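In the order they appear, the protein sequences are chains R and F. Residue numbering for the first sequence follows the UniProt record's numbering, beginning at 1 and increasing consecutively. Residue numbering for the second sequence follows the UniProt record's numbering, beginning at 1 and increasing consecutively.
Calculated directly from the structure, the hints in this document are not laboratory data. Warning: the hint list may mix true and false statements.
Said to hold, decoys possible - Here are the simulated DSS-like pairs of lysine-lysine, each with C-alpha atoms no more than 27 angstroms apart in a straight line: (1) 47(R) <-> 30(R); (2) 54(R) <-> 30(R); (3) 25(R) <-> 48(R); (4) 28(R) <-> 54(R); (5) 105(R) <-> 104(F); (6) 102(F) <-> 47(R); (7) 63(R) <-> 48(R); (8) 54(R) <-> 25(R); (9) 28(R) <-> 102(F); (10) 12(F) <-> 50(F); (11) 47(R) <-> 63(R); (12) 30(R) <-> 48(R); (13) 50(F) <-> 54(R); (14) 25(R) <-> 102(F); (15) 102(F) <-> 48(R); (16) 30(R) <-> 51(R); (17) 63(R) <-> 51(R); (18) 25(R) <-> 47(R); (19) 105(R) <-> 54(R); (20) 25(R) <-> 63(R); (21) 28(R) <-> 47(R); (22) 63(R) <-> 104(F); (23) 54(R) <-> 12(F); (24) 63(R) <-> 28(R); (25) 12(F) <-> 63(R); (26) 28(R) <-> 48(R); (27) 105(R) <-> 63(R); (28) 51(R) <-> 28(R); (29) 102(F) <-> 105(R); (30) 51(R) <-> 102(F).
Treat the numbers as computed from the prediction; the structure is a model and nothing was measured.
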Amino acid sequence: MRAMRMKQAMKGHEPRSSSSCAACKLLKRKCTSTCIFAPYFRSDEPKKFAKVHKVFGASNVSKILVEVPEEQREDTVNSLAYEAEARLRDPVYGCIGAIALLQRKMLELQHDLAIARARLARYTVPAVSTSSPSVLMDENVGMVSFYDMPCCSGVNESFGQSSSQLTQVQPMNDFGQFPYIF
Amino acid sequence: MSTISSRCAACKYLRRRCPPDCIFSPYFPSNDPQRFACVHRIYGASNVGKMIQQTPTQMRAQVADSLYFESRCRIQDPVYGCVGIISLLHLQIHNAESELAKVKAQIAFLNSDANREPSFRPQLEGASNVNNLWSAQSSVEQHQIGSSTTHGPLAFM
């Protein structure tokens, strides 16, 4: 009798659907077969949706997913999760902080490469060219300047930098403590 | 004088009165409506307001700027957003590091030769052989890098 009563009490705590995705669990709603979140936010990864929801909001994530082809939705979700994680870790700069660090590293490498090439030039006969003048010009690599990216057109004026400054190291830009160099 | 003309871009977009202590107004001026429209589309007004509110005053401009940049990236590239830029930078750094390693190896090779036979200087033919070796290696590595990127820009994650 006691076991039956306990079983009945526990019944109320059991989820109606054991296959609710992480999103529907968090949003406390029924997870339907057409749930847009279900394929990408599995129930065993609750933190992933929690982070994305905290930064973007479920409604905005849903709108973004609806706009992309189905075969690209997983990548979309993963990139949103990455951005959300970055924003939660660094509430001020988010992903921009990571971009700034990578750009700084790239500038250092370019500097080191220029020095190394100059040293190499001392060993080789001047008529012999060792390699392409700059790794950025290597056609096999297909490097893209930051300013050629469609998303960045017009952004540089917001940050008061010019494209030529991408390869220059500046201790401070027009935005004071803003770390990145654009 | 009507107070409507002094509304910030956010309050204009949200069609509400702009109070004197509006959290958005210092960072979303009325002369740049697109700025708030972008962040609103990706993050929503409530989330933007929370993120700004939770930041010390002196850093709030940077929050607004970075949110604007990220939202623009996401609008331009709904799949990868600014993560696509990060991926590209990782690739560029990888290639630059490879190139640097090769050049340093060339220097070390030529340096060791020079040390063994001080009178020896690399001839034109010798130097070009080294260059051909590195070019062949480089094209092999480029092919390998190309294969790894077929897994997509998120391969670095």
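Here's how the hints hold up against the structure:
1. Taking the CA atoms of residue 47(R) and residue 30(R), the gap is near 19 angstroms; set against the 27 angstroms cutoff, the hint holds.
2. A C-alpha spacing of about 20 angstroms is found between residue 54(R) and residue 30(R), which places the hinted pair at or below 27 angstroms, so the restraint holds.
3. Using a Cα cut-off of 27 angstroms, the hinted pair residue 25(R) and residue 48(R) holds, with the two alpha carbons roughly 12 angstroms apart.
4. For the proposed pair residue 28(R) and residue 54(R), the alpha carbon gap of about 15 angstroms is at most 27 angstroms, so the pair holds.
5. Our distance criterion of 27 angstroms between C-alpha atoms is met by residue 105(R) and residue 104(F), whose separation comes to about 18 angstroms.
6. About 43 angstroms separates the Cα atoms of residue 102(F) and residue 47(R), which puts this hinted pair outside 27 angstroms; it is violated.
7. Taken as a hint, the residue 63(R) and residue 48(R) pair is honoured in the structure, with Cα atoms around 18 angstroms apart against an allowance of 27 angstroms.
8. A hinted pair counts as satisfied when its Cα atoms are at most 27 angstroms apart, and residue 54(R) with residue 25(R) qualifies at roughly 15 angstroms.
9. Taking the CA atoms of residue 28(R) and residue 102(F), the gap is about 56 angstroms. The hint is violated against a cut of 27 angstroms.
10. Distance restraint check for residue 12(F) and residue 50(F): the Cα-Cα separation of roughly 19 angstroms lies within the 27 angstroms cut-off, and the hinted pair is therefore satisfied.
11. For the given pair, residue 47(R) sits about 20 angstroms from residue 63(R) by alpha-carbon distance, which is consistent with the 27 angstroms threshold.
12. For the proposed pair residue 30(R) and residue 48(R), the alpha carbon gap of about 19 angstroms is at most 27 angstroms, so the pair holds.
13. Between residue 50(F) and residue 54(R) the CA atoms are separated by roughly 10 angstroms; this keeps the pair inside 27 angstroms, and the hint holds.
14. For the suggested pair residue 25(R) and residue 102(F), the alpha carbons sit about 52 angstroms apart, so the restraint of at most 27 angstroms is broken.
15. Distance hint between residue 102(F) and residue 48(R) is unfulfilled; the C-alpha atoms sit about 40 angstroms from each other, more than 27 angstroms.
16. Of the supplied pair hints, the one linking residue 30(R) and residue 51(R) holds, its CA atoms being roughly 20 angstroms apart against a limit of 27 angstroms.
17. For the given pair, residue 63(R) sits about 17 angstroms from residue 51(R) by alpha-carbon distance, which is consistent with the 27 angstroms threshold.
18. Distance hint between residue 25(R) and residue 47(R) is fulfilled; the C-alpha atoms sit about 11 angstroms from each other, no more than 27 angstroms.
19. Restraint check for residue 105(R) and residue 54(R): the C-alpha separation of about 31 angstroms exceeds 27 angstroms, so the hint is violated.
20. Restraint check: the Cα-Cα separation between residue 25(R) and residue 63(R) comes to about 19 angstroms, which is no more than 27 angstroms; the hinted pair holds.
21. Between residue 28(R) and residue 47(R) the CA atoms are separated by roughly 15 angstroms; this keeps the pair inside 27 angstroms, and the hint holds.
22. Distance check on the hinted pair: residue 63(R) and residue 104(F) sit about 50 angstroms apart at the alpha-carbon level, beyond 27 angstroms; violated.
23. For the proposed pair residue 54(R) and residue 12(F), the alpha carbon gap of about 25 angstroms is at most 27 angstroms, so the pair holds.
24. Taking the CA atoms of residue 63(R) and residue 28(R), the gap is about 19 angstroms. The hint holds against a cut of 27 angstroms.
25. Distance check on the hinted pair: residue 12(F) and residue 63(R) sit about 23 angstroms apart at the alpha-carbon level, within 27 angstroms; holds.
26. In summary, the hint linking residue 28(R) to residue 48(R) is supported, as the alpha carbons are separated by about 16 angstroms, within the 27 angstroms threshold.
27. About 35 angstroms separates the Cα atoms of residue 105(R) and residue 63(R), which puts this hinted pair outside 27 angstroms; it is violated.
28. Distance check on the hinted pair: residue 51(R) and residue 28(R) sit about 16 angstroms apart at the alpha-carbon level, within 27 angstroms; holds.
29. Note on residue 102(F) and residue 105(R): the hinted pairing holds, with a Cα-Cα distance of about 18 angstroms set against a maximum of 27 angstroms.
30. Note on residue 51(R) and residue 102(F): the hinted pairing is violated, with a Cα-Cα distance of about 42 angstroms set against a maximum of 27 angstroms.
Taken one by one, the earlier hints fail for this structure at numbers 6, 9, 14, 15, 19, 22, 27 and 30, listed in ascending order.
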